[in-house]
Each structure stands twice: as structure tokens, then as C-alpha cells.
Amino acid sequence: MEKPRLSRRRFLLGSGAVLGVAAGPRAARAQARRGHIIAGLSERMLTLDPANHYSISSTSVLRHVYDPLLDVTNDDKFVPALAESWKPVNNTTWRFTLRKGVRFHDGTPFTADSVLFTLKRVRDNTKLIKSFVYQDLEDVRKDDDYTVTVTTKRPFGSLPAHLTMLGMLPPGAAGNEDAFFGKPVGTGPFRFVSWTHGDHVDLEANAKYWKPALPKVEKLTVRFIPELSTRAAALRAAEIHVIDRVWPDMVSTLRATPGIKVLDTPAVEAQRWHFQLAREAGKDPRIRKAVSLAIDRNTIIKELLLGYARPVVSPIPPGLIGHTNLGQKPYDPDKARAILKQAGYQTLTLDFVLMKDLYPKQLEIAQAVAAMLSEVGIKVSIRNLEIATAREQRTAGNYDLFFSGWAHMPHDPDWYFGQWFTRAGAEKLTRFSDPRVEQLIAEGRVPDPKVRQQKYEEIEKILWEEEPEIWPYYSVAIYAISDKLRNFEARRDYYVLLHEVGIA
Amino acid sequence: MSRLLRQPMIVAGGVLLVAVIVASAAAPWLVAADPIKPVFGQRLQPPRGLGGAAGHPLGTDNLGRDILARLLYGGRISLVLAASAVALAAGAGVVIGLAAGLVGGRLDALVMRLADVQLAFPVIMLAIAIVAVVGTSPAALVSVLALSGWVLYARTVRAAVLTIRRLDYVEAARTLGAGDLRVVAVHILPNTLAPILVLGSSQFATMVLLESGLSFLGLGLQPPQPSWGLMLAEGRDYLSNAWWLATVPGIAISLVVLGANLLGDGLRDLLDPRLRQ
Amino acid sequence: MRSYLVTRIWQSAVTLVGVSILVFVILRVVPGDPAKMLLPEGAPQSAVDELNRHLGLREPLWVQYGIFLRSVVRGDFGQSFQYRSPALRVVVERVPATIQLALTAMALTVLVGVSIGIVAAVRQGSAYDYAGTVLAVLGQSLPNFWLGIMLMLLFGVTLRWLPTSGFHGWQSLVLPSVTLAAFPTALVARLTRSSLLEILGQEYIRTGRAKGLGEPRVVLRHALKNATIPLLTVLGLQIGTLLGGAVITESIFAWPGMGKLVVDAIFFRDFPVVQTILILSATIFVVINLLVDLLYTVIDPRIRYG
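Respectively, the protein sequence lines represent chains D, Z and W.
Every letter in the first sequence is one number past the one before it in this note's numbering, and letter 288, counting from 1, is 288.
Every letter in the second sequence is one number past the one before it in this note's numbering, and letter 72, counting from 1, is 72.
Every letter in the third sequence is one number past the one before it in this note's numbering, and letter 220, counting from 1, is 220.
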């Protein structure tokens with residue numbers, strides 16, 4: 001019995017190949033898909049579970065394996081992925097219409113059940129890292145196989161944005177998740193092949209991907225190379241095709257190498273150094289003002305970041321909902337000195353805490369700031385600490401100024417405001433508390449973009465005036481690629497997405 | 001003294017080390033440039049012979065600061081830290097190794113298993129633990145550095161003692177009534193000196209590097225304070241476009257290691273009871 | 001001898017239990033919160049508490065240790081916090097790369113280091129001796145990252161003879177092992193030289209020479225054998241360093257080894273991975289040093305253990 005069946009299958013496979021060659025467009029498509037792209041990312045992927053991380057590199061890699069309901073474009077528009085359309089029914093209800101004819105890599109169809117499973121899992125399994133964001137989900141209902149209604153406990157205007165980061169899972173994963181994530185299946189453009197923790201991931205093209213003619217390559221390997229010198233060297237030696245997180249000083253070296261292109265784009269990230277508002281220095285608005293006036297942001301941008309940063313005109317970077325132009329903060333050391341003198345401060349020491357190796361050139365910038373502040377009579381003591389320790393210090397309130405940045409991960413500022421400018425969010429961080437701001441943040445959670453824009457502008461005006469944080473610059477994302485890559489897009493959110501990229 | 005000066009290695013090593021120490025100690029009188037204040041617009045200038053400006057013989061760093069000034073000021077801290085760490089590690093290691101080798105039995109077992117335990121722990125883990133218990137201070141840093149180094153000496157000395165203690169002349173000295181301390185001082189220590197001097201003089205560089213590696217624990221130094229270790233660390237990201245940032249402090253460390261090696265080898269020859277004859 | 005061995009094995013077991021308690025306590029006493037490392041910056045405190053509860057970190061210390069011991073006996077070292085897969089799997093994945101690098105570097109160290117040391121000692125004061133000294137000084141003082149990046153730029157980028165980084169095939173092993181071996185090679189070369197010089201001056205070697213034994217035979221047969229004790233000690237210690245301490249070399253060459261893993265795990269407060277690696281490496285240390293102590297008696301019969 002066994003033997004004839006085997007040979008018949010082989011026959012069918014063979015004839016399929018022959019038919020494939022005969023059929024014109026299909027053959028062209030099969031031919032278009034070729035090559036092997038190797039990417040070198042700065043950050044390790046932590047998990048294969050799309051609900052169990054908030055890491056940018058994991059989001060990048062897993063976007064190739066799983067599709068979310070929505071995607072976000074590089075100009076911050078939300079576009080259909082597995083959801084064909086979505087709309088708010090009222091302030092606490094969203095309705096999603098799903099794409100038909102999509103299948104997971106194991107052949108099971110994608111339906112409303114997948115959405116129900118994925119969303120209820122992330123809400124109910126509080127072990128998952130993303131769970132806390134989805135606690136506001138009241139219910140997820142299946143209207144029919146391709147329509148899902150989500151009700152929320154309070155207005156959740158940023159839900160579509162959050163869903164761009166949540167890959168959809170097959171309901172079959174329920175109950176045996178360990179086994180499932182050992183060999184996960186999604187609906188994405190690539191199938192999972194293998195993963196060596198902290199080293200590399202291998203993926204292969206999903207020939208039946210629902211977007212026509214994608215992906216463009218047969219194989220995709222993502223290597224994790226945290227050391228910038230090594231990433232750059234591997235690219236220059238043509239061992240890999242694309243690297244992320246290039247530092248400004250490396251740009252000229254890379255540009256000088258034949259076969260390499262450097263691309264940059266303003267990131268959806270603002271640097272923000274927050275004050276400890278319960279300690280003497282941070283509590284006094286005059287000191288915050290003086291510090292802000294004493295920092296020469298343009299020199300930092302021009303001299304240290306070599307122009308790879310943008311001046312800040314509001315806490316929210318351009319492109320996101322809520323961005324507005326409040327004008328650049330002035331550099332005026334004389335005024336800073338006068339304010340301090342008037343306030344009666346003779347000697348003032350600021351404790352400036354950094355998280356080791358987290359932001360490009362942070363130690364240089366911190367030293368430059370220390371020198372600038374010493375010009376107006378403020379002594380800065382820099383403490384560059386291991387990340388876990390630095391965070392403990394922040395929780396304990398043992399700092400005056402904390403070096404940090406905020407990448408607006410789901411392309412929406414609600415999270416930033418909610419964590420840093422509500423009492424509940426900030427109590428273990430900056431100790432920020434302002435009932436007006438709290439009220440505006442709650443009002444800005446509705447789905448209506450016009451209302452949100454208006455509320456956020458009001459919040460930003462208050463923050464701009466009070467300066468609970470210093471916003472020194474908007475970051476610029478720099479990538480370097482082999483000139484063999486076709487159609488690569490330098491993303492504003494630091495994602496490295498390669499399913500529409502080809503290789504010569 | 002005259003015998004000492006007849007040893008060319010000792011003289012060369014000594015002169016080298018003294019020169020580095022004096023130059024560091026006299027930093028404020030030797031260089032006018034500020035080692036801490038950034039000078040924007042003068043970043044990453046190469047050393048003078050390689051197209052740099054006249055004012056900066058060894059070039060400038062990533063914040064436009066004079067590298068020579070940072071090198072000399074940094075030497076003050078790095079030399080003291082590394083030298084005290086090596087001395088402490090060697091001192092403790094030798095005493096422990098001697099005790100383990102001579103007394104043997106339970107003490108030996110205890111000490112050597114302790115060494116096993118400690119070696120299994122990465123230095124960073126030890127350092128984090130020490131910081132958690134005693135906080136951050138220069139003394140804590142030196143003890144972390146010494147703690148990372150003592151085992152090497154202890155095991156080496158112990159092995160030497162195990163070999164030597166049964167040699168005829170040591171046994172003879174004992175039967176002639178020489179006390180333990182005398183046996184140690186006259187017969188055993190001189191015989192273990194060779195490996196100790198070699199290890200000690202080579203550990204210096206390791207200590208400087210470790211010092212920079214630990215700065216993020218709040219141990220060691222925080223920028224903008226210059227130290228050789230921090231200079232190396234800051235230069236690391238610039239190796240492909242401004243190699244001198246990390247290379248200059250690297251050369252300084254090499255010079256000190258060279259001086260220590262020459263001195264160590266020379267002293268060994270001088271003190272070796274057999275070569276003396 | 002047998003009773004010595006039995007004692008040592010018993011001691012080793014006690015040592016390992018000691019290590020496990022020590023690691024366990026240190027990790028939980030030092031500042032730093034695993035849940036905060038996993039959650040994004042600024043996640044609410046309620047989420048932090050909830051996650052720590054799931055990670056089992058809100059139990060009393062002795063309960064946690066009891067649970068840990070019970071699972072370890074069953075071969076379960078817990079789930080890695082950062083990777084959310086079994087800690088033992090995360091660690092074992094790194095074993096091949098770690099051992100290949102350590103053994104290659106060790107072989108280089110012994111071959112090159114001892115050769116340089118012998119030549120320098122036999123031709124003391126010659127140009128070879130000075131060249132050896134210069135090499136040794138460089139090896140001892142060049143920072144690993146400096147040497148590594150320079151080798152990578154030269155052989156990987158400019159000449160393209162060897163891959164810059166990663167773990168695939170013997171070619172990718174060359175640059176990391178040379179980088180890693182530089183320091184121990186220099187140390188071994190100097191130790192060999194100084195031990196040989198000392199022994200070459202001793203009575204019985206002089207006697208051997210007087211009896212007309214040829215120079216190479218004297219050196220190899222007698223002197224080198226007696227120089228092995230300090231060498232063996234240092235090599236025994238270096239094996240440990242090469243296995244777990246190659247942090248900088250591993251990160252420069254993106255080498256998937258254990259040294260980088262343990263340091264990352266410490267920074268991430270990934271307790272299960274740190275515990276697994278430290279217990280493994282403590283076992284290796286105990287075994288290696290036991291072997292070294294036994295080898296002493298083989299090489300130098302004067303050493304006996306009561």
C-alpha cells in the first residue's frame with residue numbers, strides 16, 4: 001500500500017512543477033522570488049510569542065511570521081492587514097471586518113476565532129508582557145466568521161495603533177502553547193525555520209502569502225549583532241545586507257565603502273530627560289527653567305550628533321497625532337544665571353543618571369550637558385549605571401535628571417502620556433501629578449482624532465510651560481544597506497521590514 | 001645597590017616606570033589643556049604627526065579634549081588603582097597560598113574550594129554583590145579588583161610550596177631547627193618569586209581594563225573624570241574612524257607593562273638564590 | 001590516594017551546594033527587578049507586581065530555593081526570564097561554540113606560548129629573547145576589543161580572508177581564538193621562560209650538561225618537565241577564564257558563547273540562566289582543579305597528598 005501512494009505523490013509533485021512552468025504569470029511570480037537576505041540587528045529577539053514582549057527587534061522579526069490586524073506605514077497611516085476595515089461604533093466599541101481567504105502556514109483558515117483567541121489570550125493571561133495594555137478590553141465578540149466587535153471598559157482610541165504590534169495566532173495554539181511556540185505558524189510572508197537564542201533566526205518564504213508577489217526572496221536570516229563595529233564590519237565585508245542603529249560617526253566610514261548606501265529618516269522618538277519632581281532641584285520650576293535655558297541643544301545636534309537629530313518643537317514628534325509647533329526652547333545662559341541668582345541658589349548639584357549603553361552617544365552628550373550647566377553654576381555629577389540598577393534608583397527617586405528617550409512604539413502618544421503624566425503611572429517614576437493634565441489625558445482617549453488632537457495640544461502647552469522634562473532633540477534613525485537591496489524602506493519606528501524587499 | 005644597577009633590565013624597567021609615574025604626577029605642570037572641558041569644533045583631531053593641529057600632540061578625543069592632558073591626568077588615577085589592586089591581590093594570594101601549602105589538610109581544602117567557588121563567579125557578579133553590600137567607593141573598587149586576582153597567586157604559590165617543601169635542603173633546614181617562618185623566608189619565598197613577579201607584572205593591564213569595565217556599576221570612575229580605562233572604553237566606538245582615541249591609552253598601558261616586565265624579570269634574576277652564585 | 005579522591009569528591013559536592021546557595025541569595029538580594037527589565041519602561045507598578053508573582057519571586061527566599069532545588073534534581077533549571085524558554089536549553093545551545101573557542105584558544109596558548117618561552121630561555125639575551133618579550137608585552141597589554149576589532153577590520157573587511165563575525169565553520173574560529181589567546185599566550189610565554197631559566201641554573205641540569213647531554217635534550221627532558229607545575233596551575237585557571245570569561249571577544253565577534261550569555265543574563269536579572277551557568281561552570285572548575293592537583297603528583301612525584 002505504502003509504495004504506490006508514495007510514487008503517486010511524487011508524480012503529482014512532478015506534474016505540478018511542469019504545469020507551473022507552463023502557466024505564464026505564476027511562473028513569473030515564482031521566478032521573481034529569489035535570493036537570501038541576511039539582516040544584522042542591534043537588539044536580540046527575545047521570544048516567538050507576539051504577545052510576550054515589547055522589544056522593537058522582536059516586533060520586526062515577528063512581523064515577518066505573523067500578520068497583525070493593521071499595519072502602520074512609514075508616514076504614520078494605519079492601513080489594512082488582516083482586518084480589511086475597522087471603525088469605532090461608539091466611544092467604547094470598535095468593529096473590525098476581516099480579510100477572507102487567508103490561511104495560516106499549516107493550512108488552517110484565518111477567521112474571527114483567531115482574533116477572539118489572540119485578544120482574549122493577551123488580556124486574560126497576565127503572565128504575558130503585553131497583557132497590561134489590554135486590561136481595558138471588556139469583551140471580544142464574534143458577529144460572524146469575518147466580523148469582530150471589541151468593547152472596552154473605557155474609551156480606547158489607541159487600540160488600532162496597539163494592534164499593529166500584535167500578530168494573530170491560530171486558535172489551535174490554545175492549550176499547548178509551549179509546543180506551538182517551538183514551531184510557530186502565522187499568516188505572515190515567511191515561515192519560521194529555526195532560532196538560536198541571542199544569535200540568529202532563519203525564515204523561509206511563505207509561497208502562499210495572501211499579498212500577491214510577496215515576499216520577494218526565498219530565505220531571510222536575521223542575525224543579532226549588538227556591537228556596532230561588528231555590524232558595520234559584517235556589512236562592509238558583504239556578509240550581511242542591512243544593519244540598523246548606525247551611529248552618526250560611523251556614517252562617513254560606511255559611505256566611503258563601495259557597495260554600501262546609508263539611509264536616514266526622522267524617527268518617531270523624542271529624547272526626554274526627566275526631572276525627579278519630588279527632589280529639591282526638580283521641585284522648583286525656576287531650576288527646571290534655568291537648566292533648560294542653559295542647554296545648547298543646537299550644539300548637541302550639530303557637533304555631537306553631526307546633524308543626525310532634529311530640534312524639538314513639542315513633546316510629540318512630527319507625524320503622530322498630537323504633534324504641534326510650540327517653537328524651539330531658547331538657549332540663554334545669561335537668563336539662566338539670572339534666574340538662579342534671583343532664586344538664591346549659590347551652589348547646586350544635579351545628579352544625572354544614565355542607563356548604560358542604551359542611547360547612542362549618551363555619555364558624550366551627558367558630558368557636554370555637564371559642561372554647559374557648569375557655565376551657569378550648576379555642578380552635574382554623571383552616574384552611568386547598569387540598567388537594572390538605574391531603574392531601581394529611579395523608583396527610589398535617587399536622581400535629579402534621568403537620561404531617557406521615548407520611541408512612540410505603536411505610533412500613538414497615549415501610552416507616553418498615560419505612563420508619565422498620570423499620578424498612577426508616574427508615582428514610582430518622576431512623581432508627576434497634575435489634575436488638569438490627568439483630565440485631558442482621559443478625555444484624549446476617545447477614538448475621534450479631532451478631539452484627540454485638540455486635547456493633546458492642550459496637554460503639550462502645559463508641559464511646555466512647566467518643563468517636567470527636557471526634550472533635547474527628536475532622534476533620527478540611520479540604516480546602512482548593501483546596494484544590492486531593492487525597495488528597502490528606512491523605517492521611522494526602527495523596524496527592519498524585509499518582506500517587500502528584493503535582492504539583486 | 002651597585003649590583004642592582006648592573007642589571008640593565010632593572011635599570012631600563014625602573015626608568016620607564018619612574019618616567020610614567022612622574023609625568024602623571026606632574027600633569028598640571030606639564031600640560032596646559034583642560035582634561036575635562038569639551039571643546040566643540042575640535043573633535044577627533046589626529047595626533048600631530050598625522051595631520052593634527054600643533055596644540056594637541058596626541059590629538060583630541062570625541063569631545064575635543066586634549067588626549068595628552070587626559071592621558072597624564074588619567075594616569076594618576078589608573079596607576080594608583082591598578083598598582084594597589086595588584087599589590088593587594090598578590091599579597092593576599094601569597095599569604096593564603098603559603099598557608100594552604102604549608103599547613104595543608106583542612107585549611108588547604110577549605111581555601112582551595114573557596115577559590116573554586118570564587119572562580120566560578122564572573123567578576124561582574126562579585127562586583128554587583130559587593131556594591132550591594134558595602135556601596136561604591138574607591139576602596140570597594142580596589143577590593144573587587146583584588147578579589148578577582150588573588151586566586152592566581154594562591155594556587156601558584158601553593159603548587160610551588162608543595163614541590164619545594166619536600167626538597168632535601170628544606171627538610172635539612174627543618175631538622176636543623178629552623179622555624180617555619182625562617183624556612184618560608186629563606187627557602188620557600190625566594191623559590192616562588194619567579195612566577196609571582198611574572199604574574200604581578202602582567203596583571204597590571206588587566207586591572208586597568210577591569211577598572212573601566214566596572215565603572216557602570218558606580219564603582220570606578222564616572223566621566224568626565226579621565227582614567228586610562230575610561231579612555232579606552234570611550235575610544236572603542238571610534239576604532240574604525242579615529243583609532244588614536246583607544247590606541248594612545250593602549251600604548252601607555254603597554255609602556256607600563258613593559259616597564260613592569262623588565263623590572264620583574266630583572267628582580268627575579270637578582271633575587272634568584274641560584275643564579276646569584 | 002583513594003581516600004584523598006573520596007574526600008575531594010565529597011568536598012566538591014559541598015562546594016557545589018554552596019555555590020548554588022550563594023548565587024541564589026546574591027541574585028535576589030542585589031538591587032534590580034526582573035519584571036521591570038522585561039516590561040517596557042514605565043509599565044504600571046501593578047503589572048510589575050503581577051509579573052513578579054508569575055515568576056515566583058514574591059515567595060520567601062527559602063521557599064524559592066526549595067522549589068529550585070527540587071526542580072534541579074529533576075533536571076529542570078527553570079524558565080529563562082528573558083527568553084521564556086527552558087534555561088537549560090538556552091545555555092546548552094551555547095555549549096558547542098563555547099567549547100570550540102576555548103579549546104582552540106587553549107591549544108594556541110600552549111603551542112605558541114611554550115614555544116616562545118623555550119626559545120627565549122635557551123637563547124637568553126638574544127634577539128629572539130627580546131622579540132619574545134615585545135610580543136609578550138603586547139599580548140598582556142593590548143585590550144581584547146582593540147585587538148579584536150583591528151583583526152576584524154584587517155582580515156575581514158580589508159583583505160576579506162576571513163569572516164568578520166558569527167559562528168559558522170573553522171574560518172570564523174580563527175580571529176576570535178587568536179584574540180582570546182593573546183593574553184594567556186603572553187603569560188605562558190613569560191612563565192615558561194622564567195621557570196626554565198631558573199631550572200637551567202640548577203645543579204642537576206648543570207650536571208646533565210657536564211655529562212655531555214646535548215642542549216635540546218636537557219631542555220626538553222629535564223628542564224621543561226620541571227617547569228610544568230606553575231604552567232599547569234596557570235593553565236588550569238585560564239581554562240575557566242576561556243570558557244566563561246570571553247565576554248569581550250564573544251561580543252566583538254558576535255560569537256554565541258557562554259561568557260556573553262551570563263553577563264547579559266546578569267544585567268537582565270535573568271535569574272534561572274545565571275543560576276544554570278554558574279552551577280555548570282562551578283562544576284567544571286571543581287573538576288579541572290581536581291585534575292590539575294592530581295596531575296601535580298603525576299608530573300612531580302615529590303608532591304604527595306596525605
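Just so you know, not all the hints are guaranteed correct.
Each computed EDC-like pair below joins lysine to aspartate or glutamate, with the alpha-carbon atoms no more than 20 Å apart [stated by the list, open to error]:
#, chain 1, residue 1, chain 2, residue 2
1, D, Lys335, D, Glu466
2, Z, Lys37, D, Glu375
3, D, Lys120, W, Glu50
4, D, Lys329, D, Glu467
5, D, Lys183, W, Asp264
6, D, Lys455, D, Asp434
7, D, Lys428, W, Glu50
8, D, Lys127, W, Asp49
9, D, Lys127, W, Asp129
10, D, Lys127, W, Asp33
11, D, Lys341, D, Asp357
12, D, Lys356, W, Glu93
13, D, Lys379, Z, Asp269
14, D, Lys153, D, Glu438
15, D, Lys100, D, Asp145
16, D, Lys428, W, Asp49
17, D, Lys211, D, Glu500
18, D, Lys127, W, Glu59
19, Z, Lys37, D, Asp351
20, D, Lys356, W, Glu41
21, Z, Lys37, D, Asp296
22, D, Lys428, W, Asp264
23, D, Lys283, D, Glu427
24, D, Lys261, D, Glu500
25, D, Lys153, D, Glu443
26, Z, Lys37, D, Glu303
27, D, Lys211, D, Glu84
28, D, Lys127, W, Glu50
29, D, Lys461, D, Glu438
30, D, Lys428, W, Asp33
31, D, Lys183, D, Asp106
Some, not all, of what chain D presents toward chain Z, calculated at C-beta under 8 Å [as the list claims (entries may be wrong)]:
#, residue
32, Thr92
33, Gln367
34, Glu386
Listing some non-contacts, in silico: residues in chain D with all C-beta distances to chain W over 10 Å [what the hints assert, rightly or not]:
#, residue
35, Glu138
36, Ala179
37, Trp247
38, Thr389
Quick caveat, the hints were computed from the structure, so don't treat them as lab data.
Glycine residues also receive a C-beta, built at the ideal position from the N, C-alpha and C atoms.
(message) What's the verdict on Lys379/D and Asp269/Z, does the C-alpha distance respect the 20 Å limit or exceed it?
(response) violated (52 Å)
(message) Tell me if the straight-line CA distance from Lys461/D to Glu438/D falls inside 20 Å.
(response) holds (14 Å)
(message) With the threshold set at 20 Å, check whether the alpha-carbon distance from Lys428/D to Asp33/W stays at or below it.
(response) Status holds; Cα separation ~13 Å.
(request) Given the hint that Lys428/D pairs with Glu50/W, test it: the Cα-Cα distance must not exceed 20 Å. (result) Holds. Lys428/D to Glu50/W sits at ~16 Å (cutoff 20 Å).
(message) Quick check on Glu386/D please, does its C-beta sit within 8 Å of some C-beta on chain Z?
(response) Result: holds, 5 Å to nearest chain Z Cβ.
(message) Between the alpha carbons of Lys183/D and Asp106/D, is the straight-line distance 20 Å or under?
(response) holds (11 Å)
(message) Beyond 10 Å on every Cβ pair: is that true for Glu138/D relative to chain W?
(response) holds (18 Å)
(request) Sort out whether Glu466/D lies within 20 Å of Lys335/D, counting only the CA atoms. (result) holds (17 Å)
(request) Quickly compare the C-alpha distance for Lys153/D and Glu443/D to 20 Å and report which way the hint goes. (result) Holds, at roughly 14 Å.
(message) For a C-alpha distance cap of 20 Å, please report whether Lys428/D and Asp49/W respect it.
(response) Status holds; Cα separation ~13 Å.
(message) Check the hint pairing Lys341/D with Asp357/D against an upper bound of 20 Å on the C-alpha distance.
(response) violated (36 Å)
(message) Checking one constraint from the list: CA of Lys211/D to CA of Glu84/D, max 20 Å. Satisfied?
(response) Answer holds: Lys211/D to Glu84/D is near 13 Å, not above 20 Å.
Hint check: violations occur at hints 5, 9, 11, 12, 13, 22, 32, 38; the rest are consistent with the structure.
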